[in-house]
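Protein chains: 2
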Amino acid sequence: MNKFIVEALKEAKKSLKTDDVPVGAIIVYNGKIIGRGHNTREKQKMITRHAEINALEQACKKKKDWYLNGCEIYVTLEPCPMCMNAIAQARIKKVYYAAARDKIEHIKLPLKEQCCGKKESQELLHDFFKTKRGK
Amino acid sequence: MNKFIVEALKEAKKSLKTDDVPVGAIIVYNGKIIGRGHNTREKQKMITRHAEINALEQACKKKKDWYLNGCEIYVTLEPCPMCMNAIAQARIKKVYYAAARDKIEHIKLPLKEQCCGKKESQELLHDFFKTKRGK
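Going line by line, the protein sequences match chains A and B. Note that the working numbering has the first sequence beginning at 10, numbered continuously upward. Note that the working numbering has the second sequence beginning at 10, numbered continuously upward.
These aren't lab readings, by the way, just hints derived from the structure by calculation. There's no promise every hint is true.
Which copy? The list can't say, so a pair holds if one copy fits it or any two copies do.
[Unchecked claim] Pairs of lysine to aspartate or glutamate residues, derived as EDC-like cross-links and limited to a Cα-Cα distance of at most 16 angstroms, are as follows:
no.: 1; residue 1: 71; residue 2: 136
no.: 2; residue 1: 102; residue 2: 122
no.: 3; residue 1: 103; residue 2: 87
no.: 4; residue 1: 73; residue 2: 111
Produce the complete structure using the sequences and hints provided.
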């Protein structure tokens with residue numbers, strides 16, 4: 010079996026100790042593991058603690074960068090949309106997954122409503138990007 | 010102006026100190042603020058550190074739960090898909106945002122490929138859920 014999936018499966022088993030759904034993730038850069046993570050949502054009572062997020066944060070610490078260009082991720086379960094978008098924003102180009110998700114997100118996105126503060130928020134953003142471009 | 014958007018704007022301004030895109034988020038439960046966050050992606054060199062994620066984690070710590078039922082979130086900028094999905098999974102029902110995103114995610118999702126380890130991963134998951142149902 011692929012050695013990175015073997016490592017991802019080892020990570021997944023760690024989740025069992027804390028009654029978390031067993032999922033593991035490994036991030037590879039130039040053939041070396043720079044991030045590993047397992048699902049700790051129950052253990053940490055924290056919505057963000059999926060295996061992929063934990064692995065991404067370890068890899069960012071290692072690379073001292075929030076871009077992970079040139080990296081690949083190996084996951085024991087096909088990522089959820091939260092994780093897929095985090096992976097995409099980190100510019101990871103390829104995701105290898107072992108098991109497929111049967112229900113690819115039946116989670117309904119919440120209602121969105123535009124409220125007051127539009128002008129103030131836009132000004133903050135515009136000024137920021139204007140200064141950036143000036144530099 | 011809505012007092013929670015005022016607080017979200019205060020949060021957004023904190024991002025400027027570290028050259029981060031100014032975005033702020035406030036999570037409200039029963040009329041009280043239980044989570045606040047601002048974008049710290051540059052400061053922390055960490056892909057996950059959007060304002061909403063920082064606010065969600067503070068709210069989870071406060072509620073000691075990864076479900077945030079009954080909460081609302083106020084954000085100065087319309088959330089990206091990573092954050093929207095984190096918000097959805099936390100069961101937050103309503104998102105109020107000040108400024109709209111003009112380019113609603115032009116980020117391309119990475120390629121996915123199913124690899125080896127399917128059987129091993131599925132067994133881990135099946136056994137886990139079987140034990141859960143047994144309890």
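Evaluation of the provided hints:
In the homo-oligomer, the alpha carbons of residue 71 and residue 136 never lie at most 16 angstroms apart, since the shortest distance is 32 angstroms inside one protomer and 34 angstroms across protomers. Taking the closest pair of Cα atoms, residue 102 and residue 122 come within 16 angstroms of each other only across two copies (11 angstroms); inside a single copy the shortest separation is 33 angstroms, beyond that limit. In this assembly of identical chains, residue 103 and residue 87 lie within 16 angstroms of each other by CA distance solely inside one copy; the values are 12 angstroms within and 27 angstroms between copies. Within a single copy, residue 73 and residue 111 get their C-alpha atoms no closer than 35 angstroms, and across copies no closer than 30 angstroms, so neither meets the 16 angstroms cut-off.
Consistency with the previously given hints fails for numbers 1, 4, ordered from lowest to highest.
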